[in-house]
Amino acid sequence: MTGRLPRIVLAAFLAAFPASGAPAGYFDFGPNVTFETGDTWISAGRRYRIYGLQSCLRQTFYTDRSGNKRDCGEASIAVLGAYVRDTHPLCAPVATQADLTFVTCYATVGGERLDLAMMMITEGFGFASLSSDGLPVYPTYAVAEQKAREARRGLWQFDDVQHPSILLSHAAKNARMQK
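Residue numbers (mature numbering (1 follows the signal peptide of the UniProt record, and there is no 0)): -21 to -1, 1 to 158.
You may find that some hints are simply not true.
Computed spacing ranges between beta-carbons, pair by pair [unchecked claim]:
| hint | residue 1 | residue 2 | range |
| --- | --- | --- | --- |
| 1 | Ala130 | Gln76 | 44 to 50 angstroms |
| 2 | Gly46 | Leu79 | 18 to 24 angstroms |
| 3 | Ala74 | Gln136 | 30 to 36 angstroms |
| 4 | Arg37 | Gln125 | 22 to 28 angstroms |
| 5 | Gly4 | Lys158 | 38 to 44 angstroms |
| 6 | Arg25 | Asp112 | 14 to 20 angstroms |
| 7 | Val116 | Asp139 | 34 to 40 angstroms |
| 8 | Asp139 | Arg92 | 17 to 23 angstroms |
| 9 | Lys126 | Gly4 | 26 to 32 angstroms |
| 10 | Leu114 | Ala71 | 40 to 46 angstroms |
| 11 | Arg25 | Ser110 | 20 to 26 angstroms |
| 12 | Asp65 | Val116 | 22 to 28 angstroms |
| 13 | Arg44 | Gly4 | 30 to 36 angstroms |
Derived from the structure by calculation, the hints contain no laboratory data. From the three backbone atoms N, C-alpha and C, an ideal C-beta is built for every residue, glycine too.
Construct all of the structure, not just a fragment, from the sequences and the given hints.
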């Protein structure tokens, strides 16, 4: 009897967790997505954005080590695509605004669950989103961004990379002044 009990407990434990699929409340990021930016994508007709993450803007440029101008937004998309391909993240909705669902995502790397936005930011390929008053949406991301900047990781290794949230705030300010 004692030999069967551990097997019964193990079977009950394994039955409680599906062999595949996302935990309750989460969904697979999935391979069939269309990336709009390095933080936003469309899947099954819905738009998603990673909460607290700001990617580089398309048509903003940095100069690589060979002296070539590169599109920063395209670099962000490429890195997010690589993370999705390599880590198969799971996401959960945290807020909805019009046609956009904000999500938080995690990837499993080496058996550990890691915040996808934090991975992008600490490696220097994402930035901390700022609110309309210029403060970080999620302060922990701002701290990680500063550390990546100081270590010159990812896009921060290029002297002319521009913070997208600052560019967006300048554009919004200019638009308000023109009204």
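Hint check:
1. Ala130 - Gln76: 44 to 50 angstroms: 33 angstroms, violated
2. Gly46 - Leu79: 18 to 24 angstroms: 37 angstroms, violated
3. Ala74 - Gln136: 30 to 36 angstroms: Holds - the Cβ-Cβ distance for alanine 74 and glutamine 136, about 33 angstroms, lies within 30 to 36 angstroms.
4. Arg37 - Gln125: 22 to 28 angstroms: 25 angstroms, holds
5. Gly4 - Lys158: 38 to 44 angstroms: The hinted range 38 to 44 angstroms holds for glycine 4 and lysine 158, with Cβ atoms some 41 angstroms apart.
6. Arg25 - Asp112: 14 to 20 angstroms: 29 angstroms, violated
7. Val116 - Asp139: 34 to 40 angstroms: 25 angstroms, violated
8. Asp139 - Arg92: 17 to 23 angstroms: For arginine 92 against aspartate 139, whose Cβ atoms are near 35 angstroms apart, the range 17 to 23 angstroms is violated.
9. Lys126 - Gly4: 26 to 32 angstroms: 30 angstroms, holds
10. Leu114 - Ala71: 40 to 46 angstroms: 24 angstroms, violated
11. Arg25 - Ser110: 20 to 26 angstroms: Check passed, 24 angstroms falls within 20 to 26 angstroms.
12. Asp65 - Val116: 22 to 28 angstroms: At roughly 26 angstroms between Cβ atoms, valine 116 and aspartate 65 fall inside 22 to 28 angstroms, so the hint holds.
13. Arg44 - Gly4: 30 to 36 angstroms: 43 angstroms, violated
In this structure, the earlier hints numbered 1, 2, 6, 7, 8, 10 and 13 are contradicted, and the remaining ones agree with it.
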